[in-house]
Amino acid sequence: MNNDPVRDVEEIRSAFRRRLDEVAGVPALIQEVRHEFLGRSRGRLTALLKTLKDLPPAQRGALGAAANQLRTEIEDGLASALQSAGGPAGATGRAIDTTLPGTSFPIGTAHPLTLVRLAIEEIFLGMGYTVEDGPEVESDHFNFTALNIPADHPARDMQDTLYLEGGGLLRTHTSPVQIRTMLKTRPPLKIICPGRAYRRDAPDATHSPVFNQVEALAVGHGISLADLKGTLHEMARRLFGPRVRVRLIPSYFPFVEPGAQFDVSCFVCDGDGCRTCKRSGWIEMGGAGMVHPAVLEGVGYDSEEWTGFAFGCGIDRIAMVKYDISDIRLLYENDVRFLEQFRGAGA
Amino acid sequence: MKFSLEWIREFVETTAEPDEVAVHLTARGLAVESFETAHNDTILEIEMFTNRPDCMNHYGVARELAAALAHPLCPYPGTVSEDGKAEAAGSQASVAIEEGDLCGRYTSRIVRGVKVGPSPDWLARRLLALGMRPVNNVVDATNYVLWEFGQPLHAFDLKTLAGRKIIVRKAHRGEALTTLDGIRRTLDPAMLVIADASHAVALAGVMGGAPTMVTEATTDLLLESAHFSPSSVRRTARSLGLSTDASYRFERGADIEASVPALNRAASLITEIAGGSVSPGVLEARTRAFVPRSIALRTRRVWSLLGLSAGAGGNTVASGNSVADGDRTIGDVLTRLQFVVTQGKGSLTVEVPSHRLDIEREEDLIEEVGRSLGYDAIPERLPLIPGSGGVERRGHRRETAFRGALQAAGVHEASTTPFVSAASDWTLRQRLSAEEPAIEPIGIENPIALDQEVLRTTLLPGLIGAVAHNINRGTREVRLFEIGRTFRRGTPPPPPHELRKHPPAPPVEETVSLALALSGAARPISWLDPARDVTFWDIKGLVSAVMAAGGLEPVFAGLPTSEALAPGAAARVDVRGEPIGRIGGLSQSARDRYGIKQEVFVAELSLSALWPVPSEGVSFEPLPRFPAVSRDLSLIIPASREYRDIERTIAGVAPERIASVTLFDRFAGEMLPAGKIGAGVRIVFQDPEKTLTSEEINEMLDRIVAALGREMDATLRDSTGRP
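Chains as they are written, first to last, in the working numbering: chain F, 5 to 351; chain D, 5 to 727.
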């Protein structure tokens with residue numbers, strides 16, 4: 005520091021101008037310059053002002069005025085430098101146009117089928133189920149025979165199958181994963197198997213040759229239809245809200261006995277009848293039942309000792325009902341205007 | 005399947021309204037999908053399951069309704085008055101079965117002196133209401149009985165049967181038959197036929213023949229009521245592409261004991277509406293006796309499988325308040341369904357009636373009890389199964405990390421179908437190295453569309469199709485990814501031990517892949533930043549970032565050329581020395597195939613190949629204690645030099661003191677000599693042990709400039725950050 009405080013003011017002024025030129029356009033550096041000159045502990049101008057009290061009163065007045073003038077200059081200089089750098093001017097008290105659009109961070113979306121699948125996986129992982137996977141190209145054995153659907157069985161007509169050159173077929177349901185899992189695991193077990201399945205359906209608003217299923221299988225001691233019903237209700241509540249109810253209606257699937265169709269009370273109208281539930285108050289969700297003893301015996305389980313339930317439902321169907329999607333083809337068209345609507349849907 | 009409520013009510017007395025009937029039947033598993041009332045009758049549309057052929061007729065539905073309402077079921081009117089004065093049927097014709105395995109029973113009656121004509125109104129109306137076209141009174145009567153009792157029948161013109169003989173045999177090689185629909189069909193020896201002394205006259209259980217059919221000239225009939233094996237009828241119907249009401253029922257299983265009552269009912273109905281008289285006696289050939297199945301039903305097993313408790317307290321079945329009452333309830337509901345029940349201690353012996361072919365074992369009876377009591381009565385609970393807790397699917401965590409990073413980068417997840425044309429798949433697939441065997445797609449035998457005849461070997465056809473779809477609809481900015489399976493000919497991994505005794509897996513290799521496509525602007529238009537379109541370096545940077553999020557470090561290497569990616573703008577992605585994918589700009593020819601004009605950058609990575617690759621572990625490094633200093637160099641370098649070498653040269657000067665090298669500017673232009681480009685590089689210096697002095701930094705900069713000049717032919721344009 006010089007003996008002449010006024011010269012000090014001039015020096016600080018020119019130093020500031022030089023530094024401001026150096027950092028032009030970079031808001032963070034401009035903020036650094038603020039600290040360098042106005043910082044409370046080390047700011048150069050702050051330090052000079054601290055010396056004022058030691059000066060004789062005659063000098064104090066002139067220097068005080070010069071220093072304060074410089075302070076204003078520095079603040080203005082910083083503010084305009086920040087503004088032209090596009091950074092915040094809040095610290096200087098200068099207003100910016102906060103109504104200018106914020107920088108766009110376009111977040112991508114998970115596909116609605118993924119959202120539903122992950123939601124179901126989470127529900128069942130939480131209940132201690134293991135998530136299993138299996139091939140989409142299957143043999144006739146695992147897709148049909150092992151599921152109590154022998155060759156020439158009329159039940160094969162229920163599912164129009166896509167066959168592959170060189171052998172094999174595209175699985176018509178995810179049920180073969182149940183067989184594969186039981187073959188490699190001793191009971192008891194609790195699994196779900198989500199995945200794609202295929203049928204030779206011409207695409208229309210409600211049919212797609214590719215669709216997604218999730219199946220659950222629980223085998224243990226004394227497992228009953230009551231366990232099935234409770235599990236379905238738990239899943240439905242978590243997917244559709246606390247008020248939904250489930251019902252079982254007798255139905256037929258060769259790999260379960262007793263067999264049932266399961267419905268969920270309409271979560272839109274609470275069962276009063278609306279467009280979503282086609283005025284019935286109920287939404288058909290999938291098939292369920294107690295694992296057929298022939299299936300258990302086929303994988304070497306003692307059907308006297310072990311019983312189990314299984315159910316399956318369409319992920320596409322759940323997505324369509326949950327998000328009010330009227331045409332299944334939208335799920336496979338990948339129109340960005342469709343996909344974008346699922347931003348935040350997993351929250 | 006359609007049913008007339010009025011007709012059902014002939015067998016069960018009830019005043020229940022149609023909606024009430026619908027509720028009862030639905031709760032028992034005969035789902036009434038709709039009903040419509042017209043002309044004093046209600047037509048119910050009921051969903052029928054293949055395992056319940058016994059319900060595919062009005063008497064069968066009446067049986068269920070009677071059980072539901074606990075009302076009596078009228079006995080089936082399966083009797084007929086014979087003409088005692090007429091010649092016995094047995095001396096007018098004969099029946100014989102040659103194929104006992106395929107035909108369990110063949111019964112016949114002879115009706116003489118009928119007058120063939122239109123059916124009376126009441127009968128024609130009933131058939132019309134079910135969607136059947138009335139033909140004549142004789143044929144209509146047989147159809148009526150089919151819909152009433154479920155037994156398919158056929159009427160032959162007796163006089164046209166050579167030798168007045170019926171023989172159930174296999175077709176002769178080269179034998180032909182013109183069926184009732186007027187089509188001449190060549191039969192194969194696997195088909196079961198009904199023949200007279202010389203020719204096949206009907207396809208057993210499927211359709212009759214034209215030469216022996218009932219016409220207006222017919223006066224004498226031979227009525228057939230038989231029982232054919234389901235698989236035989238199914239094979240014949242399938243190989244001829246023919247499905248009839250008769251074959252539909254035989255395929256699902258007919259009641260072998262229904263033959264004679266149905267025959268009697270039809271004969272009686274014919275004499276009522278077409279006149280004539282029934283010759284005494286039934287012609288019958290039988291190879292299979294009906295032995296009722298007897299099943300032991302443990303009542304404890306019933307309650308435990310249904311999750312109901314028989315005794316008092318808890319969830320008690322309708323009327324039961326003790327175990328004995330509960331057991332009685334089981335017996336009652338089964339008896340109402342015409343099971344013959346003998347009560348034992350703790351178990352019942354249940355004899356299955358002939359029409360219930362679906363009841364084979366204890367569990368089947370438990371379902372009968374369950375659906376009779378109603379599934380609504382079953383309580384809810386969660387299974388108590390010991391276990392280790394939920395385990396996620398293989399690859400789930402990395403997939404979630406990838407998905408999260410991609411979403412953060414503004415990429416939307418797509419879902420495309422795996423059915424593609426062989427041509428587009430061929431264009432877009434690509435081997436990652438010269439050593440990789442040729443990729444062979446799997447053809448679909450019965451594709452949904454002619455141009456979707458193979459399974460994708462790459463995710464790109466679907467994803468690029470989606471890009472084109474969006475561009476064509478005016479969305480120019482498209483950022484999509486898909487995680488899905490691809491398929492190629494290959495040897496599946498050897499089956500695990502537990503699958504060894506099962507049939508081998510098809511020769512297909514399935515891969516879980518991740519594909520990305522970026523096209524259009526790199527970021528949304530903004531008042532702060534200039535606009536630009538996506539480039540190769542965007543896809544490269546995105547793939548690096550996504551893989552880093554999955555705990556992986558990609559290395560980009562050269563790639564064999566292909567149709568798919570623009571030559572010179574493609575790279576292979578390696579992880580730990582293994583090729584796992586590719587990135588690049590879509591070639592002009594590939595874009596042309598999809599009609600895309602703007603540039604598209606794609607990447608495809610095999611997630612399956614990454615399953616065995618562990619994530620790069622994280623081991624915390626102490627934060628640097630001494631300050632970093634950054635200096636920028638502005639270089640002029642020959643355009644032929646690769647940036648990677650510049651970076652290596654710089655870092656090589658003082659590997660332990662150069663913390664990072666970042667390219668922040670790259671330009672070409674008139675101010676530069678031909679063949680040269682300008683590059684701005686920021687170098688960050690940092691020493692782990694001390695604060696670097698200006699002298700030390702300047703010394704390193706000098707050495708860097710010298711090394712760049714020597715090795716890269718680079719010169720300094722000017723320098724910034726130097727004193």
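Simulated from the structure, these hints should not be mistaken for laboratory data.
Glycine included, every Cβ here is placed at the ideal spot set by N, Cα and C.
Warning: the hint list may mix true and false statements.
[Claimed, not checked] A short list of chain D residues far from chain F (calculated; beta carbon distances all over 12 Å):
1. His203
2. Gly466
3. Trp541
4. Leu696
5. Asn702
[What the hints assert, rightly or not] Here are the computed lysine-lysine pairs in the DSSO-like style, where the Cα-Cα straight-line distance is at most 30 Å:
6. Lys505/D - Lys544/D
7. Lys89/D - Lys6/D
8. Lys89/D - Lys163/D
9. Lys174/D - Lys282/F
10. Lys694/D - Lys601/D
11. Lys188/F - Lys601/D
Each hint, compared with the structure:
{"no.": "1", "hint": "His203", "in the structure": "holds (28 Å)"}
{"no.": "2", "hint": "Gly466", "in the structure": "violated (8 Å)"}
{"no.": "3", "hint": "Trp541", "in the structure": "holds (19 Å)"}
{"no.": "4", "hint": "Leu696", "in the structure": "holds (20 Å)"}
{"no.": "5", "hint": "Asn702", "in the structure": "holds (19 Å)"}
{"no.": "6", "hint": "Lys505/D - Lys544/D", "in the structure": "violated (47 Å)"}
{"no.": "7", "hint": "Lys89/D - Lys6/D", "in the structure": "violated (41 Å)"}
{"no.": "8", "hint": "Lys89/D - Lys163/D", "in the structure": "holds (21 Å)"}
{"no.": "9", "hint": "Lys174/D - Lys282/F", "in the structure": "violated (50 Å)"}
{"no.": "10", "hint": "Lys694/D - Lys601/D", "in the structure": "violated (56 Å)"}
{"no.": "11", "hint": "Lys188/F - Lys601/D", "in the structure": "violated (51 Å)"}
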